[in-house]
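> Each chain is listed here by its residues.
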Amino acid sequence: MVQRLRWLEAISGTVPIVLTYAYFPALIAEPVATIAKLTPFVLLSTVIPLFASGAPPANILYSVAVSSTLGTALLYTVAVLFGAPVTVLFSETAGLSLHCALTSLLPALTYTRPPTLDRLQRPHALTEWADGSYGYIIGTLAGAYAGCIPIPLDWDRPWQRWPVTVYTGACIGLALGTISEALYDLYTIRSKPKTAKPSSKAKTN
Amino acid sequence: MRSPWLWLILLLQIVGLAIFAKGFFALNKPVLAGSAVAQYDGLHAPFQRIVLIVIDAFRSDLAYADEAQMPYLHSLIDSRDVLAFTARASTPTVTLPRLKCLVTGGISSFLDAVLNIAESDTSASSALQDNWVSQLWAAGRRIHMYGDDTWLRMFPGVFAQTDGTSSFYVNDFTEVDHNVTRHLEQELRLDAKWDGLILHYLGMDHIGHLAGPKSPHMPAKQREMDDVVRRVHLASQARDRKDQKRTLLVVTGDHGMTEQGNHGGSTDGEVMTAAFMLGHGLRESKDEKSNVGKQDGLVYHNPILQSDIVPAISALLGLPIPLNSVGVVPIAVLNKLDPKYADQVLKGNRLQLESLAKQAGTPQELQQVLLGSSGDFRLELLVVGIAIQAIGAAIAASRWVKARGSLLMLGLPLLWGATTFASSFIEEEHSFWYYLVNIALVIEISKSGVTSRRALTFVAFFVIRHLHQTGDKYAHHADLAGLLSLPTVRALAILSFAAILSLVLTSSPGVSLARRVPVLLALQCVAIFKRGTGSHQIARLVWALITVSLLPGLGPHLPLTTVFSVIWLLQTRQVDWLLLPLMHTMDVSTDLAFAALVQASFFSMGNGNSLARLDLSQAYNGVLRYSPTVVGMLLFVSTFASPIFWAIRWRNARPQTYRLCALLQSTVYTTFLCAACTVLRHHLFVFSVFSPKVLYAVAWAVFYGLVAVT
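The listed protein sequences correspond, in order, to chains A and W.
With our numbering, letter number 143 in the first sequence gets 145, and the count goes up by one each step, no holes.
With our numbering, letter number 413 in the second sequence gets 530, and the count goes up by one each step, no holes.
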């Protein structure tokens, strides 16, 4: 039976930000190379709780494959639509998109197949599909978007260059999101003492 | 629901803003009143007559670059028969404050930028300090002036002969200069009577506003100006030979222009002007060390401040340096003077600057004198203005809460207001709004599902935001309008026109033909007008036809967005036409989305928070004679064309909430902005960033006010 281990997800959700903090100067100096270097660890730390939760390895493999290819392409498009540079800095945006896909789409896809085109057009389609992985998705994507805020400031610092703040924001968002999800879980368990069932779901489409 | 509350809130905001503006844009009190006394004892001044030629928007490269079509000037530079400078103007780079600097040598207040626009205002002269024109006049000399009538406002009754031209009829750049040059035949005669001649040419500035510095009209204008210089120079030499007096010829720009041809801000293009002096003895010998020929970006030959021109003129004419001048006599000029005389000039300059500095009491005042800034704010007025606006905003907020309005729309103006405390977020305000539009679109898409219409909305907005770069930091980056070739732009404009045409023909089946025909005719008129025939009647006909199409009593009329689209097309440049069908495509329904799009669409047209971004090119469609009201209204419609579009859609979608919501955004924001300006009034950017933003905010307050009460 699949049982999401929120506490493990919270711990592994802090790995990217710790790594980013440790490698911050390298991230500023050579963003693409550093993101590439950190990606395997990000992947590892995201995938461990998924295995530990009892999800079928086939599912996990599937979502790794999809999120690192289609998912990355999708998030790249979204990033451009939301203001990422269009004609320059392709590797930077690609690295950023890959990272975000791994920490947002990968966990969600493991437990829920992506919605069909038909279902997608119904109201609240996205929130329904994302249910259960809010911490990952909202944390990563909102954090990344919040990371855009320092960019227009005229401080002219090297860390204001694309994609440093957005990447860092995504990592911070991930940590906050997974921790909040775990705390929320704790709160709902505590407030329902008799029903010991945790709030994880094993939904399929 | 036009409740009286809306009127009250609006009234409070307007009164508060007016009081704040009075305290913020205080007229610069002259530091020293009166006139300086001559200090050169017994030494004859090198020159007895002066011709000042001001070429409006005379950017330095338009004179000095190799490609600049100024053969006479270049020949003089080659033979070293001229003192050539690049004079750096200070902000705001609009005519009135720059002319004040060219006569007083001082730095004037930001308010002059506003007075620059109000042609009939007389306070242009009221605070005029000691200056060389008044000194000449007081000494009984005869001065003639031809050109920009700003001079008449600055010096009423001073000029013996004059022919002023209005500076705001931007469409014309030939007749306005011809009106000046036609007097030259008489004024350049050997028996001319003047001691001072001021010529102010506006043609180059108008070409800039209409089509930018690279316009095909510019070379001809440069040659025209060059020829004027040649004629005046030769005539002056002839007259000098006849009566043994000497004429000084000073040619300068008042400000420069951006690559789009506008001005008002502080970029290099706007502040670097060409300034050169011709006259007997003003030449450099071959072995003399000189800056002539040197170039660094837009700085050619000898770099000086615009203020330095005044002490130079004073020295060469034997006049005392005006009391409030912050200028220093340029070394290139000093070197041309008789050594004993030069000594006196230096001493005089030093004494004058010292006495100016002495006027300052506290170190802060002294710093302001040294910086040339006019930070003379009246704090009581600022605080009262903010307080009154705060009351209005609080009333708006409480009405909103009482009407169970969404908290998001209460939080938005607070967030928006918070951004006013960072000058970057004012300069790059477009980023803030594009950011918020995307958030609004995400909220909409999560509620409604990922339909193709929503996806299209995202893509449409993506194109909209990339059409024009704006702001300061990335203004020079590529944008769609810059990347597309001219034929592509034309093709897109035609496609956009066709889209609106089909909208008029096919939308709202219940509308009668009688309603559609005037709109179709109006569209046809727009097409004719934009093709370049420029007939004023056609443009006016558009407005008449649109009014006819909206007359009551003929059944339902076309959607207001469709009808307004015709006005939109009339009042915008063709390169922007692509925006309109894209905006029609966007499908939004929340207050947040509309509020954000009202602002974002303003910036998407290339507008921004700098004065230089004000586009005057559409403000004269259908105008024959300059009238501040008509031109002002056309300028308003053309600048706020897209926000008006979104306001109409907002009204259609959210009729119950849009009025109060709009007013809520506006009042809370202006309160914050005024608070930020007060707290940051000694900030380095108070005149280059905050002051222009206050001016724009007043225009926005008018916009939101109209949205709320009409």
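I should point out that these hints are in silico values taken from the structure, not numbers from a laboratory.
Computed from a prediction, not measured in an experiment: that's the story for all the values here.
Watch out, some of these pointers could steer you wrong.
Stated by the list, open to error - Simulated DEER-style distance windows between Cβ atoms:
| # | chain 1 | residue 1 | chain 2 | residue 2 | range |
| --- | --- | --- | --- | --- | --- |
| 1 | A | Ala38 | W | Arg570 | 36 to 42 Å |
| 2 | A | Arg124 | W | Leu524 | 52 to 58 Å |
| 3 | A | Glu130 | W | Leu524 | 23 to 29 Å |
| 4 | W | Ser602 | A | Val90 | 16 to 22 Å |
Every residue gets a Cβ at the ideal spot worked out from N, C-alpha and C, and that includes glycine.
> Confirm or reject each hint.
How the hints compare with the structure:
For alanine 38 of chain A and arginine 570 of chain W, the Cβ-Cβ distance of about 38 Å falls inside the hinted range of 36 to 42 Å, so the restraint holds. The hinted window of 52 to 58 Å between arginine 124 of chain A and leucine 524 of chain W is violated, with their beta carbons roughly 27 Å apart. Here the CB-CB span from glutamate 130 of chain A to leucine 524 of chain W is close to 25 Å, well matched to the stated 23 to 29 Å. Between serine 602 of chain W and valine 90 of chain A the beta carbons are some 21 Å apart, a value that agrees with the proposed interval 16 to 22 Å.
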